[in-house]
Amino acid sequence: MEILDTEFLEKIEKLRLAVKKIRIISNVGERKSPKTGKGTEFSDYRTYQIGDELRYLDWNIYARFEKFLVKLFEEEEDLEVHILLDSSLSMDFGIPTKFFYGKKLALAFSYLSVSSWEKVTFTYFQDDIKGIIPIERKKENIFKLLDQLNKLKAEGKTNLNEAIKKYVSSLKKKGLLLIISDFLSPYKDGILYARYKKLPVYLIHVISEEEISPPYEGNLQLIDSETNEIINLYLDKSLIENYKKTLDNFLKDIESFSIKTNVEYMRTSTSIPVEDLLLRYLRMGGWLK
Amino acid sequence: MNIKFLNPSFLFLLFLEAIIIILYLIKPKRLRIKVPSLILWEKTIEEKKLGRWFKKLPKNLLLLFQLLILFFLVLSLSKPILSLPSIGSKPTIIILDSSASMASRDILPSRFQKAKSEIINLIKRNPSPIKMIIAKDKPEVILNKNEREIEKELEREKVFLGEGNLEESIRKAESLSKGIPHEIHIFTDGSDPISIPKDSTNRYFLHIIGRESFNIGILDGRIFPKNENVYEIFLKIGNFSQKPQEFNLRIMQDNNKLKEEKIRIEPKEIKVVKSEIPKVTGKIVGEIDGKDFLEEDNKAFFYIPIFSPKVLLVTLGNPFLEKALRSIPNLKLDIRKDFINIDLKNYNFYIFDGLIPYADISGNFLFIGGYPGINPQNIEKIGKVKILSWEDHPITRFLQLYGISIDNAYTFKDENLKPLIYSDKGPVAYIYEKDNSKGIVLSFDLLSSSFIYSDSFPIFIYNLLRYYLSYDPQKRCDNYMDSPGFKEYNGYLYAVNIFSQKESDISKKINIEIDKEKDKKEEKGFIQIDLSKPLIFLVFLLLILEIFFYQGGKYYS
Chain A
1 MEILDTEFLE KIEKLRLAVK KIRIISNVGE RKSPKTGKGT EFSDYRTYQI
51 GDELRYLDWN IYARFEKFLV KLFEEEEDLE VHILLDSSLS MDFGIPTKFF
101 YGKKLALAFS YLSVSSWEKV TFTYFQDDIK GIIPIERKKE NIFKLLDQLN
151 KLKAEGKTNL NEAIKKYVSS LKKKGLLLII SDFLSPYKDG ILYARYKKLP
201 VYLIHVISEE EISPPYEGNL QLIDSETNEI INLYLDKSLI ENYKKTLDNF
251 LKDIESFSIK TNVEYMRTST SIPVEDLLLR YLRMGGWLK
Chain B
1 MNIKFLNPSF LFLLFLEAII IILYLIKPKR LRIKVPSLIL WEKTIEEKKL
51 GRWFKKLPKN LLLLFQLLIL FFLVLSLSKP ILSLPSIGSK PTIIILDSSA
101 SMASRDILPS RFQKAKSEII NLIKRNPSPI KMIIAKDKPE VILNKNEREI
151 EKELEREKVF LGEGNLEESI RKAESLSKGI PHEIHIFTDG SDPISIPKDS
201 TNRYFLHIIG RESFNIGILD GRIFPKNENV YEIFLKIGNF SQKPQEFNLR
251 IMQDNNKLKE EKIRIEPKEI KVVKSEIPKV TGKIVGEIDG KDFLEEDNKA
301 FFYIPIFSPK VLLVTLGNPF LEKALRSIPN LKLDIRKDFI NIDLKNYNFY
351 IFDGLIPYAD ISGNFLFIGG YPGINPQNIE KIGKVKILSW EDHPITRFLQ
401 LYGISIDNAY TFKDENLKPL IYSDKGPVAY IYEKDNSKGI VLSFDLLSSS
451 FIYSDSFPIF IYNLLRYYLS YDPQKRCDNY MDSPGFKEYN GYLYAVNIFS
501 QKESDISKKI NIEIDKEKDK KEEKGFIQID LSKPLIFLVF LLLILEIFFY
551 QGGKYYS
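Heads up: the protein sequence lines correspond to chains A and B, in order.
Sequential numbering of the first sequence, starting at 1, is according to my numbering.
Sequential numbering of the second sequence, starting at 1, is according to my numbering.
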C-alpha cells in the first residue's frame, strides 16, 4: 500500500496546524504568536513610551492628532513540530494496520508542517526512542522521510511513559508534541511530564476495528503480541459485552485525562481514511485550518 | 468389612473412563489468536468476580469431575453392598412389656426405664428394619419408624397401670412377621408367663429386666354400705416377698385418717382385710406403709359419689325385690303393675319383673323372664338348674352364686345378649345391649329360684344400679392409666388403681427356654448397606459442582 499519494499531498498542502497559545520564540517564523512585537503584519496601536523604537511611531497619526502612538505588529514564530509514532508490535494490527495508518498520519503532518515552513522532527519509539528523523523546511525532505517510513517495521514492546519522558527531556527548544499511538501501555506519566515542560501535546489514538468489536468467539488462546503472554478463555457474547464496556471505560479515561491536562485528543479508527481524518475530522476539531 | 456387587456386569462400563480421557487428550485445541495487548482482556475478566478464584483451580478439574461422575455412576449401577460385622442382621420386632409390674424400682430408675434404654441400645446397633409392640392390655404397634422416631416414641411411653398381655403381643409379632424370619426381642420382667409358638419361623430373644421381687400390694378393694351409718371396706392385700411382713393400713378421707390398723401377712399370703368406717362420701384412700419395689400398688383409691337413682319397678308383686331396692339409700322407687300412663322420662332405671314391653325401650333396665322383641324360636327351656359360674364383671363383684337353684329356667339365643351367669345347662343371665338400651336379662322367674333368698341378691341389685346408674369410679379410665390416683375425665372423678395380683407379684415367672441375649452377642452377623443410593447422591453433587465450575470458570478454563 502506498503511503504517499500526490493527490493527497496536494489536498493537505494548504492545511496548517492551528496551534493555540504557543509562545515559542527562537527564529521569527511563519507562525503568529499571541505576543505582539516584531512581525510584519499590523496588529494595534499603543501610546509611546520612553525606550520604544522611534521607527515604529506612526507619524501620520501624529500629524493628524498630535499624539505619539506606536504601531504594534503580530509577531511570527518558528514552530518545531515533534511527531512521535508508536512503532511497537501492538500497532501492527488492523486493516490497514494501525502502524501503517500512523505512518501515513505522521507523513501527512510532516508534510503540512514542512509546507508551512515549520521544522519537523519525526521520532519512532517502542520501549525506547528507536529513531529520530529531523526534517528541514524543504518539501523534498518529505521523500527522505518517506523512504525511512517505508523501511520502518512495527516491532518490540511499548513503553510510552519512558519514551515520551526521554524524548521530552532531550528537547532543547519547546515545540509541538504530536503522539500517534494505540496507548496500550501506561502513558499518563509521560504526558504529564510533557505538560510539565509546557509543551502543547496532541494525541492521536489509533484503534483498529478488531479492537472495537472482536470478530472471534469460542475457546480461544489469546496471545499478547508484545509480551507473548497467553490467556485461555471462552469468548461468548457476554464476555464480548464485558470487553466492550472495558474498552469504553479505557477510552473515557484517556478523554477525561486529556481534558484535565489540557491535551488535545483525537481518536480514530483505521477504517477511517487518513484523508477524511485530516480534511474533515481534524479540521472540524480545530486542529487544522 | 467387604463389598459385594449385585450387578457386577455394570462394572465393565468403567472402560468409558478411558474414552473420556482419550476424548480429552484429542479434543480440538484452542484457536490461537494474537491480539495487540492483553491489558483490556485481563481487565474484562477481572471484572467477573469469580474470575481470579477460578483461575487458581487445577486445569483438569472438570476432567476429574467427569471421571468421578462416571465412576460413581457405574458403581451405583452395579449395586454395591457393604457388609459390616454386626450383632443383628434380620428384621427385628421388639416387644416391650408395659404392664404395671414394669414400674418396679428394684432397678433404678425403674424396670421400664431400664428396658427402654436397653431397647435404644439394641436399635442403635441393629440397622435392620425394626417394628415395635408395646404390650399393654392390647398390643400397640409402632411401624415404619426410623431409629430416631422409635426413640421419641419410647421416651413418650409410660407404664400402663394394668395387666399387660404379652401372649397377645407375641401373636401380634407373629402376624407382623408374615412368614419372613424375624428376630423377636421381648423386654419383660418375666412377671407375665409367655409361650412361644412351636412352629414359628422367628427367633426369640428374651431380655429379662429386674432382679428382686419384694413387694406388698393391694390387689383389690371395694366399699359397701353396711347400714345407714357404716361402710365396710374390703381390701385384698398380698405379700410377694420371702419374709413375713408387718405394716400399718390406714384409711384416709381427704387427708383425714379414718382408721389405722396393724397388719401382718405371711410370705406369699393373700389376705382380705375388712374394715368398718363411718358413712362418708368423696375420696377414700387405703394405704399401706410398707416399703417395697412397687409403690403404685400400695394405695387403693375409692371415690364414693352421692347416689340417688329413680327406679320404676313394674311387677305383679315381688316383696324380695322391693326390699332389696328399698334398702339402697337415697333410692326413689315407683312400683307399677302395668305400663299405662307411665312417663318413662321420669326414671333412670326400669325393672320389668315378668311383664315385658313389646317395643324396645331406651335406657337402663333389668328384664326378668324375657326382653322386648324376643323371638320364641330362640328360647329353650332348660328346666331346673343350678348356677355354676359367672363372668368377672362389676355387677357380679362380691357375689356368691354357686349352687343357687332355679326351678324353671330358659336360655336365650340372641346376638345382642352376652352371657353373664351360667347354670349347669346354660346361661341364665345376660348382658343386653341394643342401640340405646342397656341392661341385664334374667331368663328365670326370681320367685322360682333361691337367688332372692341369698345374701348375694341385694348386692346384685346394688351392683346393678351402681353399674348402670352412676358412673363407676372404679371403671377403667384409659386416659389415665399411667399412675394410680384420682383422675378427672369428662366431668367425672375416677379412682384409678392397679388391682392386679398378676402385676403386684413382680417375681419372675417365666420358665420357658428361649435364646438369651448373651448367646446373641456371640453370634456373628453382618449389616448390609446398599451403597447405590449414596453414590447416586454423590453423582448429583459432582454434577452440580461440574456445572458450577464450568459456568464460573469457563472464561479461564
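Do not rely on the hints blindly, as some may be mistaken.
The calculated SDA-like cross-link candidates involving lysine to any residue, where the alpha carbons are at most 20 Å apart (straight line), are [unchecked claim]:
1) B/LYS43 / A/LYS153
2) A/LYS153 / B/GLU42
3) B/LYS29 / A/LYS157
4) B/LYS43 / A/THR97
5) A/LYS188 / B/LYS34
6) A/LYS244 / B/LYS29
7) A/LYS237 / B/LEU73
8) B/LYS29 / A/PRO215
9) A/LYS157 / B/GLU42
10) B/LYS34 / A/ASP52
11) A/LYS245 / B/LYS29
12) B/LYS34 / A/GLN148
Partial pick of chain B residues on the chain A-facing surface, computed with a CB cut under 8 Å [unchecked claim]:
13) ILE26
14) ILE33
15) PRO36
16) LEU40
17) TRP41
18) THR44
19) ILE45
20) LYS323
21) ARG326
22) ILE328
23) ASN330
24) LYS337
25) ILE340
Don't read these hints as lab results, they were simulated from the structure.
Even glycine gets a Cβ: it sits at the ideal position worked out from N, Cα and C.
Going down the list of hints, with the structure as the test:
no., hint, in the structure
1, B/LYS43 / A/LYS153, "violated (29 Å)"
2, A/LYS153 / B/GLU42, "violated (27 Å)"
3, B/LYS29 / A/LYS157, "violated (28 Å)"
4, B/LYS43 / A/THR97, "violated (24 Å)"
5, A/LYS188 / B/LYS34, "violated (26 Å)"
6, A/LYS244 / B/LYS29, "violated (26 Å)"
7, A/LYS237 / B/LEU73, "violated (34 Å)"
8, B/LYS29 / A/PRO215, "holds (19 Å)"
9, A/LYS157 / B/GLU42, "holds (18 Å)"
10, B/LYS34 / A/ASP52, "violated (67 Å)"
11, A/LYS245 / B/LYS29, "violated (28 Å)"
12, B/LYS34 / A/GLN148, "violated (27 Å)"
13, ILE26, "violated (15 Å)"
14, ILE33, "holds (6 Å)"
15, PRO36, "holds (4 Å)"
16, LEU40, "holds (5 Å)"
17, TRP41, "holds (6 Å)"
18, THR44, "holds (5 Å)"
19, ILE45, "holds (7 Å)"
20, LYS323, "violated (106 Å)"
21, ARG326, "violated (104 Å)"
22, ILE328, "violated (97 Å)"
23, ASN330, "violated (95 Å)"
24, LYS337, "violated (106 Å)"
25, ILE340, "violated (102 Å)"
Violated hints for the displayed structure, listed by number in ascending order: 1, 2, 3, 4, 5, 6, 7, 10, 11, 12, 13, 20, 21, 22, 23, 24, 25.
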